[in-house]
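Following the hints, complete the assembly by docking chain B onto the known chain A.
Chains A and B, in that order, are what the protein sequence lines are.
Numbered by the numbering used here, the letters in the first sequence go through residues 1 to 348 in order.
Numbered by the numbering used here, the letters in the second sequence go through residues 349 to 696 in order.
Source of the hints: derived by calculation from the structure; they are not laboratory data.
Being a predicted model, the structure only gives us computed values, none of them experimental.
Where is the CB? At the ideal position from N, CA and C, for every residue including glycine.
Watch out, some of these pointers could steer you wrong.
Claimed, not checked - Here are a few chain B residues that face chain A, going by a calculated C-beta distance under 7 Å:
| # | residue |
| --- | --- |
| 1 | N565 |
| 2 | M623 |
| 3 | K627 |
For reference, the chains in residue letters:
Protein chains: 2
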Amino acid sequence: MIRISLDLMGGDFGPQVVIPGAAKALDRHPDISFVFYGLKEQCDPFLAKFPKLKEKSVFHDCELAVSMEEKPSQALRRGRYVSTMWRSIEAVKTGDADVAVSAGNTGALMAMAKFCLRTMANIERPAIAAIWPTLKGESIVLDVGATIGADAQQLMDFALMGGAMARALFEIERPTIGLLNVGVEEVKGQEEVKEAGRLLREANIDSLEYSGFVEGNDLGKGTVDVVVTEGFSGNIALKTAEGTAKQIAEYLRAAMSRTLLARIGYLFAKSAFDMLREKLDPSKVNGGVFLGLNGIVIKSHGGANAEGIAAAIEVGYDMAKNGLNQKIENDLKKYHAKRLPPIGPEAA
Amino acid sequence: MIRISLDLMGGDFGPQVVIPGAAKALDRHPDISFVFYGLKEQCDPFLAKFPKLKEKSVFHDCELAVSMEEKPSQALRRGRYVSTMWRSIEAVKTGDADVAVSAGNTGALMAMAKFCLRTMANIERPAIAAIWPTLKGESIVLDVGATIGADAQQLMDFALMGGAMARALFEIERPTIGLLNVGVEEVKGQEEVKEAGRLLREANIDSLEYSGFVEGNDLGKGTVDVVVTEGFSGNIALKTAEGTAKQIAEYLRAAMSRTLLARIGYLFAKSAFDMLREKLDPSKVNGGVFLGLNGIVIKSHGGANAEGIAAAIEVGYDMAKNGLNQKIENDLKKYHAKRLPPIGPEAA
Chain A
1 MIRISLDLMG GDFGPQVVIP GAAKALDRHP DISFVFYGLK EQCDPFLAKF
51 PKLKEKSVFH DCELAVSMEE KPSQALRRGR YVSTMWRSIE AVKTGDADVA
101 VSAGNTGALM AMAKFCLRTM ANIERPAIAA IWPTLKGESI VLDVGATIGA
151 DAQQLMDFAL MGGAMARALF EIERPTIGLL NVGVEEVKGQ EEVKEAGRLL
201 REANIDSLEY SGFVEGNDLG KGTVDVVVTE GFSGNIALKT AEGTAKQIAE
251 YLRAAMSRTL LARIGYLFAK SAFDMLREKL DPSKVNGGVF LGLNGIVIKS
301 HGGANAEGIA AAIEVGYDMA KNGLNQKIEN DLKKYHAKRL PPIGPEAA
Chain B
349 MIRISLDLMG GDFGPQVVIP GAAKALDRHP DISFVFYGLK EQCDPFLAKF
399 PKLKEKSVFH DCELAVSMEE KPSQALRRGR YVSTMWRSIE AVKTGDADVA
449 VSAGNTGALM AMAKFCLRTM ANIERPAIAA IWPTLKGESI VLDVGATIGA
499 DAQQLMDFAL MGGAMARALF EIERPTIGLL NVGVEEVKGQ EEVKEAGRLL
549 REANIDSLEY SGFVEGNDLG KGTVDVVVTE GFSGNIALKT AEGTAKQIAE
599 YLRAAMSRTL LARIGYLFAK SAFDMLREKL DPSKVNGGVF LGLNGIVIKS
649 HGGANAEGIA AAIEVGYDMA KNGLNQKIEN DLKKYHAKRL PPIGPEAA
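Only chain A is shown next, with the shape it has when bound in the complex (with noise of 0.2 Å):
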């Protein structure tokens, strides 16, 4: 049994879309239980449309919900302890969930889970990973915005991080790793990237293989298994991709209802279409993992639908179900292990 804290009050619709959602990703997955956090009221309609949902899970009325406006320090002095999305995190703490999910806003949410859960030992800052559709698959990317302007040693953490993740998510024994950085040779800056890639480099780690730098048209393509980068530029990539797959589809639609043999050609190749929609609907491919916290956090995208809901709770029980933490503190203790020296009698 996977057991699933669920902030129902999150994103920009909240239960009427949270449980929905909740419920076909136990239709799909028999063996998560909940356990919900929200308001009473709010939530009760709702959840009666759902009775096997209902019996899988136990709910607690909360206080308050955090705002998708609210900022995250205001969001942590009025929510700590009261809200649905602090008490989410919580129960992770208590052990009471394997995994939070919550739909809420992500800079609130992160303060929280900070809070709440602490970073792991020898983790610095945390870092939200996604999980990026490329032409051979799926590859994480992160971090795509809980930190900015990391350093080399961070950038490594976020290596190391991001190939437990792989191999949690893609049963694949040892990821590939990439670099973000632009293709000009010799520019000036960015030291911490060319550092990263020198530990990285001389690191030689068994759960993972450097494959170098990668650029930004390499996400898409799916070069490596775990393209690393700092969350700047990670948000603006992920964004600018978001961004221009909704453009393209919409110079399709368009381009689709122009003509009456366009229209006519879209009956015939219907089927097709929707295939492609799949492949370019952003709630197929939901869930934002936050990384190096005692306890793992999944973000869902504020807009997104009860499918895409579904998507980032299966995305929280793939994670638990597949010991997701452990495998990032054996490889964290693992590199540390070989890089620092033993303290004590016997290292005299």
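Frame of chain A; chain B shown alone:
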């Protein structure tokens, strides 16, 4: 007459593609005259095919061509004064051409352009501006790779230069400017971006309208006319968008060829698909503009076909015709005059 100096040896295909590209541009703009720099033996067979082009151009035989793989420092050492790339830039300096165009390697072209033309007064570092196709038309995005890690004042300079380019290219009086940032509030780091925002608000510049921060997904929407960022994230955004467009084109191709019905649909909708392909064709929007130098240099994609080369030439044509560098100089002068109190007896 707009005089364009063209490096015939640049790009993955050299004269075989650059010369037909020049012919296309000339067809569409009979008021172009060309100054060509190439290796005679390699260029003659292709030039012979375009008698009208040959008539409207002067050919200079050069000693050598810079390769696509050469490091900037190496290219500069070997190719200064004598290469086709250097000499096409130098023609702008000497006044023999209004603008230089090359599809050669970006790092080498930037290094030579900086060395030969030098930066404008008040500009510390040049930028590369890309023309970005959007749902509303086109935007300008800079810097896409010349400077890594710009400070607030450099971002301010980019805004002024991008604004001048928007006025030259789109013929709007007061283009809107956004600073590329991540959406999460209260994030640490990227103080330069916040500081640049403050500078832009306070400067209250006549020639541009500051619209605040934009995110990666605003690029494709066309939220503002000019998006300003430093070169690392700009380069990653550009290549991520290109990669995503290719990825979706590949999905589309696969979806349309999968079933017989889809293939029939494709035939019916072919003209719509052609329109879509046109929208997605990177060669239709080609030509990175080097800004901040005492002369205009246009960088074409190395992999551009003849249509792409023509597009880059036409960007140069537009920039020269609309007096881009004059506009930039005027805007910089106005800004710095407001900014610095007069020095001398009057100020006392």
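Legend entry - Earlier hints that do not hold, by number: none
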